[in-house]
Each structure stands twice: as structure tokens, then as C-alpha cells.
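Enquirer: Generate coordinates for the entire structure from the input sequences, incorporating the hints supplied.
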Amino acid sequence: MSPLGFHITMRLRNSALLAVDAAAQRRLAVAVLQAARPFELLCFRAADDHLHLLCASPRAEAGELARRVEIALTLGLRHTSGFQPAHFEPLANSRHLRNTFSYVLRQDQHHGFGHDPFAEASNLPDLLGLRLLGRWTTVPVRRRIPRLVRSDLLALLGTPDLNERPIDPTVLADAICAALALPGLHAPLPGEARCAAVHAAGDMPDPALVDAITSQLRLRSNRPPPSSTDPLTPEISTMKPAQLSWRVLGSSLGSKTALPIRNIGDSR
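Read in the numbering used here, the sequence shown has 274 at position 175, and its numbers run on one by one without any break.
Please keep in mind that the hints were generated in silico from the structure rather than gathered at the bench.
Since the structure is predicted, the reported quantities are computational estimates derived from the model, not experimental observations.
Each hint should be verified, as a subset may be incorrect.
[Stated by the list, open to error] For each label pair, taking beta carbons as the anchor points, the in silico distance ranges come out as: (1) ARG246 / ARG177: 38 to 46 angstroms; (2) PRO245 / LEU176: 33 to 41 angstroms; (3) ARG241 / PRO137: 12 to 20 angstroms; (4) ARG136 / LEU176: 25 to 33 angstroms; (5) HIS209 / SER101: 32 to 40 angstroms; (6) PRO184 / ARG264: 39 to 47 angstroms.
From the three backbone atoms N, C-alpha and C, an ideal C-beta is built for every residue, glycine too.
Expert: As C-alpha cells, then:
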């Protein structure tokens with residue numbers, strides 16, 4: 100019987116840390132999600148010195164996925180040592196696949212690291228609607244793990260109360276960066292993000308972007324941001340709460356707008 104897919108583990112030849120801060124973790128996510136777009140990627144997460152990927156693909160496609168991810172990470176993170184040969188574990192059945200899915204996304208608990216508190220070096224934010232880049236991974240996840248619900252994913256992130264958290268506008272810049280997978284705000288905000296974050300008469304932003312930024316704000320409220328967050332642009336760092344687009348961001352508070360995965364077997 101053919102396996103349902105493969106659990107791929109990758110590490111650098113020198114076992115160096117893959118992504119030690121938020122900027123590097125976002126670059127890693129961009130590299131993986133762009134390289135994996137043609138494949139049926141279910142999830143991924145970087146631990147400290149290695150990377151896990153879970154794909155519902157035949158062995159040949161899994162090998163090509165690993166090759167493309169290695170190239171993308173070498174270019175995106177500028178690692179020079181190259182990668183050790185990847186390890187491929189076949190997934191025997193649906194229970195094995197589901198257990199491995201949780202294992203991959205729970206790497207922080209398994210290894211006890213705290214340098215990625217918001218799981219940015221994974222696609223967990225994409226599955227929860229906290230980031231836009233990898234929303235496409237919700238499609239294979241729905242297909243392969245149909246009983247997965249939003250509360251399962253929130254538990255993996257360690258934030259079961261995300262929807263009830265108040266918003267702290269002082270973490271807006273980091274929330275925008277996380278929602279758009281930007282290493283930092285060294286340049287003016289993209290127009291759509293500006294519309295979502297700042298009061299702007301006229302066009303409404305992409306509702307998914309508003310939801311992503313709002314959820315990132317909730318996630319970061321009452322939790323310290325990563326210590327290595329990039330410097331903020333003057334426009335955002337000096338902005339007063341009254342200047343924020345509460346008409347736009349506030350309109351989504353308590354909204355029932357469907358986020359990826361939210362209504363998969365979820366009664367809410």
C-alpha cells in the first residue's frame with residue numbers, strides 16, 4: 100500500500116540555527132511557502148537547527164519538494180554550509196498523518212525553545228488566517244484532515260482565547276509585518292496595509308488582510324514581541340492610538356468573517 104505522504108526532516112551540514120529572530124523566521128516562511136507552492140504541503144515548522152515538512156505527495160514529489168526548499172533557504176537565508184541529505188518518513192495511514200501534523204507544528208513544545216513564540220517559521224499563522232502568504236495550504240489540510248477545527252490549531256499556538264483578547268495598538272507595526280511576512284518596516288507600508296492600518300477614506304482593504312492584522316494584534320497583546328523586532332518607520336512608531344483606523348480594524352472585532360479553517364467542523 101502506498102503511503103499517504105511523507106514527513107521530511109532537513110538540517111544544515113554544520114547544524115547551525117536556521118532562523119533565530121522574527122525577521123529570519125519570516126524570510127524562512129516566505130522561502131518555504133514559495134518553493135512549496137506546486138506541491139501538496141500540509142504543514143512545516145522550523146525548530147532550532149532543523150526543519151520539518153509534511154506533504155501528501157508521492158516519494159518522487161517529496162524529494163523534489165525538499166530539493167526546492169533547500170535551494171530557497173540557501174538563497175533566502177544565505178546559509179553557506181549546504182544541507183545534509185533529507186530524511187523521509189512515509190505516512191502509513193490517516194492516524195499517522197494527523198499525529199505527525201500535530202507533532203510538526205508543536206516543535207516548540209517538543210524541543211523546549213522560545214525563540215519563535217508566534218510560530219512564524221511555520222504555516223500555522225496561515226492556517227489560522229493570521230498571515231496571507233500561505234493561505235493556500237488550507238486547501239490540502241481540509242482535504243487530508245477533514246476533522247481538524249480552529250480550536251485544534253489555536254491549541255497548537257497556545258492561544259485558546261485569541262478571539263477574546265483586547266487589541267493593543269502599540270504592537271501594530273509588528274502585527275502588520277507578521278500578517279504580510281515582512282522582515283521589518285524599513286520602508287513605507289504597502290498601500291493595502293496602510294489602508295488596513297490607518298484611517299483612510301475611500302477604498303476598503305482586503306477583508307482577509309484586516310482580519311489577519313487584527314488577529315496578529317490580539318495575538319501580540321499582553322505578550323512581549325520578539326526582542327529582535329526590526330526598527331519601525333517613524334510613521335508607525337510615533338502614531339497615536341486615536342490615529343489608527345478603528346473604523347476599519349475595529350469593524351472586524353467580533354466579526355464572524357470566516358477565516359481559513361475556522362468553520363471546518365467548528366460550530367462557531
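Enquirer: If a hint holds in the structure, say so; if it does not, say that too.
Expert: Hints versus structure:
1. ARG246 / ARG177: 38 to 46 angstroms: holds (40 angstroms)
2. PRO245 / LEU176: 33 to 41 angstroms: Between PRO245 and LEU176, where Cβ atoms are some 34 angstroms apart, the hint holds.
3. ARG241 / PRO137: 12 to 20 angstroms: holds (18 angstroms)
4. ARG136 / LEU176: 25 to 33 angstroms: Because 18 angstroms falls outside the window, the suggested range is violated.
5. HIS209 / SER101: 32 to 40 angstroms: For HIS209 and SER101 the Cβ distance comes to about 28 angstroms; the hint is violated.
6. PRO184 / ARG264: 39 to 47 angstroms: holds (43 angstroms)
Comparing the model with each earlier hint shows violations of hints 4 and 5; every other hint is respected.
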